[in-house]
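J.: Letter by letter, the chains look like this.
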Amino acid sequence: MKHVGRCMALFGVLAIAAAACGSNDNGGGGGGAASSASGGGAVSSIGPTEGQLNLIAWPGYTQKSWVKPFEDQSGCKVTVKYGNTSDEMVQLMRQSGGTAYDGVSASGDATNRLIAAGDVAAVDVNTLFPEYADVMQSLQEPAHNTVDGVHYGVPYMWGPNILMFNTDMVKPAPTSWSSVFETSANPYAGKVTAYESPIYIADAALYLKATQPDLGITDPYELTQDQLTAATDLLKQQAGMIKKYWSVYTDEIDGFEAGDMVIGTAWPVNQSILVSDGKVPVSSVIPKEGVTGWADTWMMSSHAMHPNCMLKWMEYTLQPDVQTQVAEYYGATPSNTKSCAQLNKDLGADAKNYHCGDDAFLSQVALWKTPLSECGDDRGATCTDYSTWTNAWTEVRGQG
Amino acid sequence: MTNVPAARATPPPEGSGRRASAWLHGHRRVKLGLTLGPTLTWMIVVYLASLVLLLITSFWSLNELTSQIERIWTLKNFQTLWSTPVYRTITIRSVGMAAAVTLTDLVLAFPIAYLIARMARPRMRPLLLLAVVMPLWSNYLVRVFAWKIITSGNGPLHSLLGLVGIDHSISASNIAVWLTFSYLWLPFAILPIFGALERVPDSLLEASSDLGARGGLTFRRVIVPLVFPGMVAATIFTFSLTLGDYIAPILVGKAFFIGNAIYNLAGVAQNLPLAAAFAIVPIVIMGAYLVVARKLGAFEAI
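Chains as they are written, first to last, in my numbering: chain E, 1 to 400; chain G, 1001 to 1302.
Chain E on its own, in the form it takes in the complex:
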């Protein structure tokens, strides 16, 4: 593969030249570069790897114990930049015209933004990855990473946003999100926490969907202006009870361990870490109103410098044993159903919290997706988009 060799040599000399070589993946490139299917423009084959892979990932998604074996078998040296929020990840993916990073573990509130802006490449997952057939039914072509039947990446982990609480301080165990939203005679006022992001508005909307049916909320991410205002009002009311909003997951862990927070929305990984730290007793529930959640997708930059390594990485992360490892470390649920047998065996009684391969449960979770002005139903373009949500969120956060 002389062509690739020359590219690699140039890489050392001129970054621009390497960028030109790397961009072959879109143009149905020659030689050994990843090439596109003749029809849809989706990447459909993997060429020789480039020896390097730059990823953006949620902290905890790329531990050495499963990245090292990948490096050994693929020859791609992995460098990871942790993204602490979806917004940060979107920004990072656009750095240097999209060439700075090859791929990202994007959550559903980031994916549609990346797809709409053309930041990520279409990938012919069914041709490239035989393991794709084992992916859970609900994640085969979810709206957050598949547009008009075109796939933009492979699913990795998913999980619910649970209601976590300190079992010493919160008695009896809560069954409803009202413990964090209702202000009247709330015994936990001042010790509540919530997630610091516009996407948290969906949690309020989900609660209103159950408690105020006259608002007519059907999907917590498809809100008309009136519904958004109702959710924002609820959040403004809640703000007085919030000790501190958590943005980075360690904020919540610190807050619980310091006794500042006793109840609030959490990722399963936060609970796992608190349990393993053993400083405060915590537990969690899936409240009766339901939960929001996230499903993460490995996506490839449409200007990736190392597309073949990225495709190899996608292939690797779909492997059932890899996903089991990640799931057990991160406290998330794998998307590959073949991971479940091992996971259930390893976790024993705890396995029921993971709902591995449980399409019925997953279909109940309102997975994060980017709010768009197009409602996605017969209401047409009357919904509020993400930028309206961020303005609403600034109003919630600005007041106190």
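None of these hints come from the bench; they were simulated from the model. Please read all numbers here as calculations on a predicted model, not as lab measurements. C-beta atoms are modelled at their ideal positions from N, C-alpha and C, and glycine is treated no differently. Any given hint could be a false lead.
[Stated by the list, open to error] Listed next, the in silico DSS-like pairs over lysine-lysine satisfying Cα-Cα at most 25 Å (straight line):
no.: 1; chain 1: E; residue 1: Lys345; chain 2: E; residue 2: Lys288
no.: 2; chain 1: G; residue 1: Lys1254; chain 2: E; residue 2: Lys279
no.: 3; chain 1: G; residue 1: Lys1254; chain 2: E; residue 2: Lys236
no.: 4; chain 1: E; residue 1: Lys236; chain 2: E; residue 2: Lys288
no.: 5; chain 1: E; residue 1: Lys288; chain 2: E; residue 2: Lys171
no.: 6; chain 1: E; residue 1: Lys77; chain 2: E; residue 2: Lys64
[To be verified] Residues from chain G shown here face chain E by an in silico Cβ test under 10 Å; the list is partial:
no.: 7; residue: Gly1153
no.: 8; residue: Gly1162
no.: 9; residue: Ala1172
no.: 10; residue: Ala1269
[Unchecked claim] Label pairs and their computed distance ranges (CB to CB):
no.: 11; chain 1: E; residue 1: Leu92; chain 2: G; residue 2: His1168; range: 38 to 48 Å
no.: 12; chain 1: G; residue 1: Val1052; chain 2: E; residue 2: Ala381; range: 31 to 41 Å
no.: 13; chain 1: G; residue 1: Asn1154; chain 2: E; residue 2: Ala185; range: 25 to 35 Å
no.: 14; chain 1: G; residue 1: Ser1209; chain 2: E; residue 2: Gly190; range: 53 to 63 Å
no.: 15; chain 1: G; residue 1: Phe1078; chain 2: E; residue 2: Thr127; range: 45 to 55 Å
no.: 16; chain 1: G; residue 1: Gly1017; chain 2: E; residue 2: Leu92; range: 47 to 57 Å
no.: 17; chain 1: G; residue 1: Ser1083; chain 2: E; residue 2: Ser247; range: 25 to 35 Å
no.: 18; chain 1: G; residue 1: Val1052; chain 2: E; residue 2: Leu92; range: 52 to 62 Å
no.: 19; chain 1: E; residue 1: Gly97; chain 2: G; residue 2: Leu1040; range: 23 to 33 Å
no.: 20; chain 1: G; residue 1: Tyr1246; chain 2: E; residue 2: Gly190; range: 16 to 26 Å
no.: 21; chain 1: E; residue 1: Pro48; chain 2: G; residue 2: Tyr1246; range: 39 to 49 Å
no.: 22; chain 1: G; residue 1: Leu1036; chain 2: E; residue 2: Val150; range: 50 to 60 Å
no.: 23; chain 1: E; residue 1: Asp377; chain 2: G; residue 2: Tyr1246; range: 33 to 43 Å
Knowing the structure of chain E, use the given hints to seat chain G on it.
T.: Frame of chain E; chain G shown alone:
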């Protein structure tokens, strides 16, 4: 130029370095350009140009549909800032915090500076000054994190308050932010006041005493007026540093300050024009502050 340059009158020195220096001696403008050029370029390109870009961006707008910046002149961002109550709330909160921190630091810094400048033995002075600037040797983040721990729910401050019967957690509150800022910027308040106090001539104090003024009167009528510009200079530091900081509120507080709102607008909403417009607000506030400070003679005291 009518004068014959010195270099031409003396025999040419040997070596290229000497020749160059001789040549430069004869070409004053080139010399001036070479010495000031790099600094000026830095000032203009890096400092002023970025400010100008900021100003220009604030007059552009964001296409809500594509999230792309549209380069059409508009006052929309400033209208949004004016008509949305939350931005006013955030601005008032930030200015209030800056004022509270400034006042606190003045009250704390004056006695310390007075002690070092006028009461400590000359030998002790460098040691005391060293103690004042010592915190600046450690990383800013380390100091903020320290205060996060101090003010946290099971931290030392909470236990201390518990001893006097107050069971009120100040973690993640504006009080915690105020304490943290007051600590962070204290050295910047002490040093200018110390400088001003040190420059008060002893002869004036003796004269005041000769004319029958007691300690209190001398302090009020002689020392304070002389040190006043230094105090104003100190407030420039504490006020502007507080107004511009956004890390400490994230770590030890909960409420949004101007910096947090700008960060949110730029990083989350990706609305750079509105973020730029909001960034103009503290610049205007500081501009007005500096004009007043100049009138009060603070610039001679820095």
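J.: Each hint needs a verdict: does it hold in this structure or not?
T.: Hint check:
The hinted pair formed by Lys345 (chain E) and Lys288 (chain E) fails the criterion: a straight-line CA distance of about 28 Å is larger than 25 Å. For the proposed pair Lys1254 (chain G) and Lys279 (chain E), the alpha carbon gap of about 24 Å is at most 25 Å, so the pair holds. As the CA atoms of Lys1254 (chain G) and Lys236 (chain E) are separated by approximately 14 Å, the hinted pair is consistent with the 25 Å bound. Note on Lys236 (chain E) and Lys288 (chain E): the hinted pairing holds, with a Cα-Cα distance of about 23 Å set against a maximum of 25 Å.
Proposed proximity of Lys288 (chain E) and Lys171 (chain E) is supported: the alpha carbons are some 17 Å apart, at most 25 Å. Pair hint Lys77 (chain E) plus Lys64 (chain E) holds up; C-alpha atoms about 12 Å apart against a cutoff of 25 Å. With a least beta-carbon distance of about 4 Å to chain E, the hint placing Gly1153 (chain G) at the interface is held under the 10 Å criterion. This hint is violated: Gly1162 (chain G) has a C-beta 12 Å from the nearest C-beta of chain E, more than the 10 Å allowed.
At its closest, the beta carbon of Ala1172 (chain G) sits 4 Å from a beta carbon of chain E; the interface hint therefore holds under the 10 Å criterion. Look at Ala1269 (chain G): its Cβ gets to within about 4 Å of chain E, closer than 10 Å, so that hint holds up. Judged by the Cβ atoms, the range 38 to 48 Å given for Leu92 (chain E) and His1168 (chain G) holds: they are separated by roughly 40 Å. Val1052 (chain G) and Ala381 (chain E) have their C-beta atoms about 38 Å apart, which keeps the hinted 31 to 41 Å range intact.
The beta-carbon spacing between Asn1154 (chain G) and Ala185 (chain E), approximately 26 Å, falls within the hinted interval of 25 to 35 Å. As the Cβ distance of Ser1209 (chain G) to Gly190 (chain E) is approximately 56 Å, the hint placing it in 53 to 63 Å holds. In this structure the hint that Phe1078 (chain G) and Thr127 (chain E) lie 45 to 55 Å apart at CB holds, the actual value being about 53 Å. At about 48 Å, the CB distance of Gly1017 (chain G) to Leu92 (chain E) agrees with the hint of 47 to 57 Å.
Between Ser1083 (chain G) and Ser247 (chain E) the C-beta distance comes to about 28 Å, which sits within the given range of 25 to 35 Å. Separation of Val1052 (chain G) from Leu92 (chain E) is about 27 Å and departs from the stated range, judged on CB atoms against 52 to 62 Å. Distance hint check: the CB atoms of Gly97 (chain E) and Leu1040 (chain G) are about 32 Å apart, consistent with the given range 23 to 33 Å. Distance hint check: the CB atoms of Tyr1246 (chain G) and Gly190 (chain E) are about 24 Å apart, consistent with the given range 16 to 26 Å.
For Pro48 (chain E) and Tyr1246 (chain G), the Cβ-Cβ distance of about 46 Å falls inside the hinted range of 39 to 49 Å, so the restraint holds. Between Leu1036 (chain G) and Val150 (chain E) the C-beta distance comes to about 58 Å, which sits within the given range of 50 to 60 Å. For the hinted restraint 33 to 43 Å between Asp377 (chain E) and Tyr1246 (chain G), the CB-CB distance of approximately 40 Å keeps it satisfied.
Checked against the numbered hints given earlier, the structure breaks hints 1, 8, 18 and satisfies all the rest.
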